[in-house]
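Quick mapping for you: the protein sequence lines, in order, are chains A and B.
To get our numbering, take the position in the first sequence, counting from 1, and add 569.
To get our numbering, take the position in the second sequence, counting from 1, and add 987.
The hints are simulated quantities; they were obtained by calculation from the structure and are not laboratory data.
Check each hint, because a few of them may be wrong.
Here are the simulated BS3-like cross-link-like pairs (lysine-lysine), alpha carbons at most 30 Å apart as the crow flies [as the list claims (entries may be wrong)]:
| no. | chain 1 | residue 1 | chain 2 | residue 2 |
| --- | --- | --- | --- | --- |
| 1 | B | Lys1027 | A | Lys831 |
| 2 | A | Lys831 | B | Lys1069 |
| 3 | A | Lys831 | B | Lys1095 |
| 4 | A | Lys866 | A | Lys726 |
| 5 | A | Lys828 | B | Lys1027 |
| 6 | A | Lys837 | B | Lys1069 |
If you only want the chain B side, here are some residues facing chain A, beta carbon under 7 Å, derived [unchecked claim]:
| no. | residue |
| --- | --- |
| 7 | Ile1087 |
| 8 | Pro1090 |
| 9 | Val1096 |
| 10 | Thr1098 |
Where is the CB? At the ideal position from N, CA and C, for every residue including glycine.
Chain residues, written in single-letter form:
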Amino acid sequence: MKKPILFLALSFSLSAFAGQIVHTAGLAADTPEGTLAGVKDFFQQTMPQVKGDAFVDGALNFNKGAREYNDFWEARFKDDFDQPDEYRKAFATGKAMWEKPFADGKTFADCFPDGGKGVAASYPKVDASGAVVTFEKALNQCLEAHHEKPLAYGNMKTMGALSLYARRLSDGARIHVEVSTPAEKAAFERGKTLFYTRHGQLGMACASCHVQQAGRTLRTEELSPVIGQAAHFPVFRPNKQTAQLSVTTLQKRYLGCQKNVKVKNPYKPGSPELNDLEFFHTYMSNGLPLRSGAFRK
Amino acid sequence: MNKKLLAAACSAVLLQACSSTPSAPEPQAKASRPVEMNPKVLVENNNMGNCLACHSIAKEPNVAAGNIGPPFVAMKQRFPDKAKLRAIIYDEQVNNPDTIMPPFGRNKVLTAEQIDAIADYILQF
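For reference, chain A alone in the conformation it holds in the complex (with noise of 0.2 Å):
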């Protein structure tokens, strides 16, 4: 009987700012591809001039300024002899992490087929147990496996530096979730809710931005369509003063839009609830090449 109560509890607790859906396109589908067709129909009419890979280009698609700043940064990412200190040691302290041997002579590139060449595009995976495995969390567990201790997904010193440097092995790989048995219908669901739910005191789903409103400017920015984000994290962000160059995992930016919305007690990276977004989010850029290491303010 106390059970049932403490429950109640909980959930009016957590759902003070939260729970109500906001419909829009793609909910109201019944299946992964119909929620990604529904999605697609819907942009197709509110940004028809975006199509294809260039999804994967996201908000820069709306604004020629942004284009611009943006094409700056990452020809300097190509330029030896320009390319950012920061750019060069995330990548540089990656390769370093991915090459080391652990203590019993393996690599991470024993944990993977292919040496780890291409193997990013089928992640997030969902296990036998039913949770969602991010690419991240098959790094960790590539080093529990080896009787290392895994990093923190919030640490992009360590975590940030790896996931950049061991999905640009993926670079150009198309991405391909796979939802076709029921645990891993049951956690694209999972993530589905969590993307048409409002959140925060501002009371804003994921899908109120980068569905309903996306293309549309937010005071000076152009909110990117949900098509494409997943494709080309981890990112590097300028700090608005300084203009230095830090790493940012997609579930560290996930962090950053609770924040903005004015989630109280956000969920962290590497929680269920964030794999399970970003199963759901991954599936919506299937078909789009991978591509680690991109500039976006």
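On the provided structure of chain A, position chain B as indicated by the hints.
Relative to chain A, chain B alone:
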């Protein structure tokens, strides 16, 4: 032994007093900080109404503003009844369940007085 314990207890109390002193005034200051009532700040500040994130002011085209919500233009004609404008700021989900507009009043982002001040201010546009 007893003296030692007493000394330890005393120093613990002192330490606690010391460590709590610097942080003590903060919540007090927060509680006593006057509620922001400058309507321009309420409209523009991204921790207050942040109206301009989504709405533009037609008369102030040089101010950075979003285009998600309708622009502030011909407000008096559009809202002869100020209560309707206030109700939108308080909780637009009542009229439009799927709106992106935050329920500033219901979720206590702004007080009723602040919402009133914002309504008065934007009615001039």
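Results for each hint:
1. Simply put, B:Lys1027 and A:Lys831 have alpha-carbon atoms about 22 Å apart, close enough for the 30 Å limit, and the pair holds.
2. At roughly 28 Å between alpha-carbon atoms, A:Lys831 and B:Lys1069 fall within 30 Å of each other, so this suggested pair holds.
3. Note on A:Lys831 and B:Lys1095: the hinted pairing holds, with a Cα-Cα distance of about 12 Å set against a maximum of 30 Å.
4. Only pairs whose Cα atoms come within 30 Å are accepted, and A:Lys866 paired with A:Lys726 is accepted, the gap being roughly 19 Å.
5. Simply put, A:Lys828 and B:Lys1027 have alpha-carbon atoms about 24 Å apart, close enough for the 30 Å limit, and the pair holds.
6. Distance restraint check for A:Lys837 and B:Lys1069: the Cα-Cα separation of roughly 42 Å exceeds the 30 Å cut-off, and the hinted pair is therefore not satisfied.
7. Against a cut-off of 7 Å between C-beta atoms, the interface hint on B:Ile1087 holds, since the closest Cβ of chain A lies about 4 Å away.
8. Taking 7 Å as the C-beta cut-off, the interface hint given for B:Pro1090 holds, the closest approach to chain A being about 6 Å.
9. A distance limit of 7 Å between C-beta atoms decides the matter here; for B:Val1096 the minimum to chain A is near 6 Å, and the interface restraint holds.
10. For B:Thr1098, the interface hint is violated, since its Cβ never comes within 7 Å of a Cβ in chain A; the closest pair sits about 14 Å apart.
Of the hints listed earlier, those the structure fails to meet are numbers 6, 10, in rising order.
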